[in-house]
Amino acid sequence: MSTRVGVVVFPGTNCEHDVVKAIETVASSVPVPGASVELVWHGESSLDHLDAVVLPGGFAHGDYLRPGAIARFSKAVEALARFAASGGPVVGICNGFQVLTEAGLLPGALQKNRGLRFLCTDVEVRICTTRSVLTGSLVEGEKLRLPVNHFEGNYTCDAATLERLRAEDCVVMRYASNPNGSVDDIAGVCNPEGNVVGLMPHPERACDALTGALDGVGLLESLLVAADRRASLPV
Amino acid sequence: MRFEALVEVRLRQGISDPEGATIERALPALGFEGVSDVRVGKSFRFALEAPDEKTARELSQAMTDRLLANPVIEEAEVRVT
Chain A
1 MSTRVGVVVF
11 PGTNCEHDVV
21 KAIETVASSV
31 PVPGASVELV
41 WHGESSLDHL
51 DAVVLPGGFA
61 HGDYLRPGAI
71 ARFSKAVEAL
81 ARFAASGGPV
91 VGICNGFQVL
101 TEAGLLPGAL
111 QKNRGLRFLC
121 TDVEVRICTT
131 RSVLTGSLVE
141 GEKLRLPVNH
151 FEGNYTCDAA
161 TLERLRAEDC
171 VVMRYASNPN
181 GSVDDIAGVC
191 NPEGNVVGLM
201 PHPERACDAL
211 TGALDGVGLL
221 ESLLVAADRR
231 ASLPV
Chain B
1001 MRFEALVEVR
1011 LRQGISDPEG
1021 ATIERALPAL
1031 GFEGVSDVRV
1041 GKSFRFALEA
1051 PDEKTARELS
1061 QAMTDRLLAN
1071 PVIEEAEVRV
1081 T
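Residue numbers (the working numbering), protein chains in the order written: chain A, 1 to 235; chain B, 1001 to 1081.
Keep in mind the hints are simulated off the structure, nothing from the lab.
Please note: incorrect hints may appear among the correct ones.
[Said to hold, decoys possible] Straight-line Cα separation of at most 35 angstroms, DSBU-like style, residue types lysine-lysine; simulated pairs:
1. A:21 with A:75
2. B:1054 with A:75
3. A:143 with A:21
4. B:1054 with B:1042
5. B:1042 with A:75
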């Protein structure tokens, strides 16, 4: 059975083609037989035919009100909640991470960067757990260099939530040098089950030697392996 | 009946407010001294049809809880007249 990855597109999403291209590139170089990637419009009310779903970066619904606040009420995100509850691998990148927190699929919130600067730079992150669908093929403590591109990437949560994230091994990656004020240097988190991951860095922009960066490959490879595992489950 | 609602949303105490901090640092440069605790928020005004004021208040509160504010980082005050 071939593995199908869906990339959800909201009005204002702008990283969907990068994600599709990166996943196709990675899929052609790792042993995940016949993985295919498709765009999914936000009005789609079922995601059951997919084996993994990515919410890409951009400015869903113009980031009006708060980033992700309007996108969260779309049919695709309602379907995504069911997909996630059934164990389906879900990754939200940048604006996708913001949508996942607004939808309550991940704890916390992303507020304006400390220093009020829009950040467009490479950062170093350290992998903190390998039990998430995005980090299963990596090694704990591994350092990756990935691009960030955001104004609202300052991960914020209350003390009790932070305590729970640490206790349940839900911090997926931390910045080596905190660029935006995120609590505990957090760059990415997952749910307790590890199948829903949100991160501010853009792995899809570090998957082609032509751009001089390949550190995103291991992350997307992990996702493809998780998607393949889901595709192999008996229906 | 028609009611007027005013919802003020601001960051919770204890949540850092980079916009407020920047404004607070800018004010002395203009000669305004002694200003502290600057918090930046949003306000929403809307008109609402409801059978009575209690219902209008409850509806406005529900809209605030579900959409206008993110309770993880924000708190809101709802006024209906």
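Do the hints match the structure? See the list:
no., hint, verdict
1, A:21 with A:75, "holds (25 angstroms)"
2, B:1054 with A:75, "holds (32 angstroms)"
3, A:143 with A:21, "holds (24 angstroms)"
4, B:1054 with B:1042, "holds (24 angstroms)"
5, B:1042 with A:75, "holds (27 angstroms)"
The structure fails none of the hints (numbered hints given earlier).
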